[in-house]
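Please take these sequences and the hints and turn them into a complete structure.
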Amino acid sequence: MIKTEHLRYAYNAAESEELKFVLDDIDFSVSAGEFVAVLGHNGCGKSTLAKHFNGLLLPSGGTVYVSGMDTKNETYYWDIRKSVGMVFQNPDNQIVATVVEEDVAFAPENLGVPSEEIRKRVDEALKTVDMYALRRHAPHLLSGGQKQRVAIAGVIAMEPKCIVFDEPTAMLDPKGRREVIDTILKLKNEKHMTVVLITHYMEEAVKADRVVVMHKGKIVMNDVPKKVFSEVKQLKNLGLDVPQVTELCYLLNKAGCSLPNDILTVEECADELERLLQ
Amino acid sequence: MLKDITLGQYFPIDSPMHRLDPRTKLILLVLHIVAIFLANNAITCGLVTALTLLVMLLSRVPLATYLRGLKPILFVIVFTAVLNIFLTAGTKIELFGYQTPMTWEGLVLAGKMALRLVLLIFASAALTYTTSPIALTDGIEKLLSPFAKLGLPTFELAMMMSIAIRFIPTLIEETDKIMKAQKARGADFESGSLIRRVKALAPMLIPLFISAFRRADDLAVAMESRCYQGGNRRTRLNEIHFAGIDLGATCIFLLFFAVTVALRFLL
Ligand SMILES: Nc1ncnc2c1ncn2[C@@H]1O[C@H](COP(=O)(O)OP(=O)(O)O)[C@@H](O)[C@H]1O
Ligand SMILES: [Mg+2]
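Listed in order, the protein sequences are those of chains A and B. Its first residue numbered 1, the first sequence is counted upward by one per residue in the working numbering. Its first residue numbered 1001, the second sequence is counted upward by one per residue in the working numbering.
Mixed in with the good hints there might be a few duds.
Simulated DEER-style distance windows between Cβ atoms [to be verified]:
| no. | chain 1 | residue 1 | chain 2 | residue 2 | range |
| --- | --- | --- | --- | --- | --- |
| 1 | A | K191 | B | I1210 | 30 to 40 Å |
| 2 | A | E124 | B | R1236 | 12 to 22 Å |
| 3 | B | S1191 | A | L251 | 49 to 59 Å |
| 4 | A | D241 | B | S1191 | 46 to 56 Å |
| 5 | B | L1070 | A | Y132 | 29 to 39 Å |
| 6 | A | E124 | B | N1040 | 52 to 62 Å |
Straight-line C-alpha distance at most 30 Å; calculated DSS-like pairs for lysine-lysine [claimed, not checked]:
| no. | chain 1 | residue 1 | chain 2 | residue 2 |
| --- | --- | --- | --- | --- |
| 7 | B | K1177 | A | K175 |
| 8 | A | K175 | B | K1180 |
| 9 | B | K1142 | A | K82 |
Everything labelled a hint here was simulated from the structure, so no lab data went into it. This structure is a prediction, so every number in the text was calculated from the model and none was measured. Just so it is clear, CB atoms sit at the ideal spot from N, CA and C, and this is done for glycine as well.
Take a look at the structure:
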């Protein structure tokens, strides 16, 4: 679905000063239907990488392919834009209209989709994110989680194959966070969408098929969540957390217990502790 | 405090007024305002009042909402009325045997002016309550489209207008938040000389501007990711079109207008 080869990027590419590569030799790939979580410290280049996936930024070096199309090739410009949707951190700054359904219609309107077809897409997108009942409301009166779901519906209405979420829950309260994560999982499981989720919450990353960890513009870890999170020490060195239960088991192991070091959920942890106590 | 400001609040319900083409509503509003200012005697005033009330009834927006819309200009209405009553020359009004400085002519004029102002507010509110900002800017864009051929960027203007309307509540909320934050740190916006107070606004305006620029940046990226590419091949969810109901409304308004004009100049 998305593939980068030796991707490098510097923001100051046009100026003569020494180039500082924000992305340095990134080889990243997501296959169709996969759910990949991207972790990394602030400023390590996650958002910059995400903006390469739909051609908002073009590589300074290397290549980015979206469904086999090179993002540098201008003939594919709109095909790439509409096959990879993006949801950003601040829901207020991505809503353009004053009525929910008019906002969701923005992308298909831009693409010149006929009115009846837009109506169908808007209704379906709003039902998918469970906001259909509020379709005629004013977005600024909604809660953070609801606003973010409207933003997601706005992207779904574009009918992309892949959606990139850039810290979609960072500004939400726990309830809003749940709503958004449930929506993302629903898109993956029921609509079979490809999902890239950039996040700071390990509990969200655990749900992914694969976790990619970035550090200073490079990919340092790239594996299934169980493998990545079993490297507690390395993650801590990178300034990242691990899920609370994983940390608990890590500390218990250090204190002499023998627990598996790839525990990610509370249920797993409870089962293992029970076994240990018997 | 700042949140009380309601600007062109749209009422998302269904009514005959909601179903009218925004262009029809805009043009008929202009026509109706002209009629309101032409009306100068009992019959014509009655006619424009009746038509305004009919429109308000058809909009299915509660009367209380319309009345609330009067609040900000209540002072202007009362002030002009008082001035008119006292300053118009004519026969003085007698009260309990005393002659007062008020005149009968002034009273009539004051009533007429107040009626005009109230009808004006009600009529424009009927437009904004029943037309979403997007539909409104769509309508303005289409009305201006003849000028597009002369190089006027009508689409861009309409887009700017609807985004500005969209961000009014967001920025008001933000202003409120910053004001509270600065007050919590001891900022004082309310006392001292005028110059002092203007200076006190700087620590509020600077963060507001910085945040507005950041929002603009974010919004541009979000719009681009949603395939925004200007106006040339854009379609609409609710394509506006002139239908039977618009023709009907236009006929009614034209009839009222003709009668008002005729009665004003004939009576
Ligand atoms: N528009 C920009 N111009 C210049 N530098 C930028 C710009 N955006 C981000 N950067 C820099 O690029 C680096 C990576 O930023 P970003 O991709 O936003 O990180 P992350 O999303 O992982 O927090 C940071 O050091 C940041 O200062
Ligand atoms: Mg970021």
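Going down the list of hints, with the structure as the test:
no.: 1; hint: A:K191 - B:I1210: 30 to 40 Å; in the structure: 39 Å, holds
no.: 2; hint: A:E124 - B:R1236: 12 to 22 Å; in the structure: 18 Å, holds
no.: 3; hint: B:S1191 - A:L251: 49 to 59 Å; in the structure: 56 Å, holds
no.: 4; hint: A:D241 - B:S1191: 46 to 56 Å; in the structure: 48 Å, holds
no.: 5; hint: B:L1070 - A:Y132: 29 to 39 Å; in the structure: 36 Å, holds
no.: 6; hint: A:E124 - B:N1040: 52 to 62 Å; in the structure: 56 Å, holds
no.: 7; hint: B:K1177 - A:K175; in the structure: 23 Å, holds
no.: 8; hint: A:K175 - B:K1180; in the structure: 26 Å, holds
no.: 9; hint: B:K1142 - A:K82; in the structure: 28 Å, holds
Hint compliance for this structure: every hint is met.
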